[in-house]
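Q: Residue numbers for the sequence shown follow my numbering, beginning at 1 and rising by one.
Treat the hints with care, as some may be off.
[What the hints assert, rightly or not] Derived pair list, reagent style SDA-like, types lysine to any residue, alpha-carbon separation capped at 20 Å:
hint, residue 1, residue 2
1, 88, 139
2, 411, 374
3, 88, 106
4, 298, 333
5, 298, 256
6, 411, 379
7, 411, 378
[What the hints assert, rightly or not] So the derived label-pair ranges between C-beta atoms look like this:
hint, residue 1, residue 2, range
8, 149, 187, 36 to 46 Å
9, 268, 407, 31 to 41 Å
10, 149, 287, 30 to 40 Å
11, 430, 268, 23 to 33 Å
12, 78, 115, 43 to 53 Å
13, 420, 286, 38 to 48 Å
14, 97, 63, 20 to 30 Å
15, 430, 283, 51 to 61 Å
16, 65, 180, 45 to 55 Å
17, 303, 326, 34 to 44 Å
18, 186, 218, 15 to 25 Å
19, 241, 287, 55 to 65 Å
Bear in mind the hints are in silico, worked out from the structure with no lab data behind them.
This structure is a prediction, so every number in the text was calculated from the model and none was measured.
Just so you know, even glycine gets a beta-carbon here, dropped at the ideal spot from N, CA and C.
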Amino acid sequence: MVAVCLALTGKNGRLRALGVCRSDGVGVLPDLLGGAVGESVMLKVDQSSTLVMTSVLWQFNVADGTAIHIITSAVETTTAPEYINRTKFDNITGSLELSIMTLDDTGLYEVVIIPPSGSPLTGECNLQVQVRVSGVTVTPNTTELMEFISSVRISCQVSTGTYLSYLWMNGSSEITVSSDRVQVGDGGTSLTILNVTRYDRGPYTCNVANLISTQESAPLTLHPIYGPVSIQINVPVDPVEIGQTLHLSCRAESTPPAHFTWMNGMNEEIGSGADFQKTATLLDSGEITCLALNNITKLELRAVQSISVTGTLLPFILYRQTVQVGDGGTSLTILNVTRYDRGPYTCNVSNLISTQESAPLTLIQIYVPVDPVEIGQTLHLSCRAESTPPAHFTWMNGMNEEIGYGADFQKTATLLDSGEYTCLAVNSITKLELRAVQNNSSSQLSSGAIAGIAIAVILTVVLVGALIYRFHTSRYAVWNGTPCINYTNNNLMMVHLRSLFT
1 MVAVCLALTG KNGRLRALGV CRSDGVGVLP DLLGGAVGES VMLKVDQSST
51 LVMTSVLWQF NVADGTAIHI ITSAVETTTA PEYINRTKFD NITGSLELSI
101 MTLDDTGLYE VVIIPPSGSP LTGECNLQVQ VRVSGVTVTP NTTELMEFIS
151 SVRISCQVST GTYLSYLWMN GSSEITVSSD RVQVGDGGTS LTILNVTRYD
201 RGPYTCNVAN LISTQESAPL TLHPIYGPVS IQINVPVDPV EIGQTLHLSC
251 RAESTPPAHF TWMNGMNEEI GSGADFQKTA TLLDSGEITC LALNNITKLE
301 LRAVQSISVT GTLLPFILYR QTVQVGDGGT SLTILNVTRY DRGPYTCNVS
351 NLISTQESAP LTLIQIYVPV DPVEIGQTLH LSCRAESTPP AHFTWMNGMN
401 EEIGYGADFQ KTATLLDSGE YTCLAVNSIT KLELRAVQNN SSSQLSSGAI
451 AGIAIAVILT VVLVGALIYR FHTSRYAVWN GTPCINYTNN NLMMVHLRSL
501 FT
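Make the full structure from the sequences, and use the hints.
A: Next comes the structure, spelled out in structure tokens:
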């Protein structure tokens, strides 16, 4: 780059404009010319009219007050030893080019032009030799920034450069005035932000310049930790029909991004993630909650959305031993169960386009002899249950003490044997347990005794399988048989089967 210092002829023959210097890429700076170390600068004399010169003198005024005559041009041009091979003199215009500059070349340069007649013409210009700016970077003293709590100090570093000025930018806006929260210090090399907020993200840049160059740092974006705030649940379709996909999305402002959890109206967790979807059933009607959690701030925020599911619940038809059918056809109740009510039981569900039958459900029972058991006779009980692998049976008395093992149990009857007997069936793989209770009576009368016969019923290990049916070709719901047992005080047992949509 070549810098140019202009000199214009003024009143009284003075070259007054040598004090106005122009440097390519920097702009007009009054009375100042910049040059780069190792490069060249042109001290150019610009005259408004042709000037006849008898002699020209260029001198460098050192800071201690001494002057070095660089060029003396009259009949013969003379160059000072320290400027040989570093200067180029134009004897027509009187301009001087100074090359291979060092920092020591900074100072005041003066030219004196002597015409054939009249007063000498003089001009001067301040030359400042500088090192070009390079390697500008910005570094925060911390990246763990909690909103409203943390403060950050951003430093601006430069690899090379002299006579530097600093300018901080937030995006496209200059940070020129310090405030209570934002402060520029250390000669412009640092930017401090107190009690950062989510709006202090930036990006921040540091512009470093001198007379001959300028450079901007890479942008720095802060990530204050905050939230969650402004949570919202979006429901694309409302209401949704049975069998269609229920799709919900949850959004919340948070840094780092929030973790989302979905809960139903019973406050049970049903999903996670910003998006949640499932096949809609009537049980989905009601409130659904989205919980947003920031893992760093530990703050939680929740939103509640009402969901409406519409459609028709199809009728149920149940076969075999239908004593009482209730709950819209979804339950079968058998009162006063006998040994002949073992099953199997199935539930058939259908609509206009499809039908399906559940897996069979078989009850397990305890068998006792029909005839009374007298004291001294053999009491014989047997227990059966469907299970794969076969169930392991344990017998317990009314004190809940183990008294035997295996599907069959027998002993000599005494009066102490009157009371309840429990058969516990365990599947060693599924670890499921089912039990039946039998009230037994023993008599000391040899002619016979009144024997109470009660048949307790409990459920098999293998429950009713899921039954799928369709409303349309793309819609379906699932039925689960969920049997349960109720016992009465008069040794009459009741089994109740019910079905649920899921």
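Q: Mind listing which of the numbered hints don't hold for this structure, in increasing order?
A: 1, 4, 8, 12, 15 and 19
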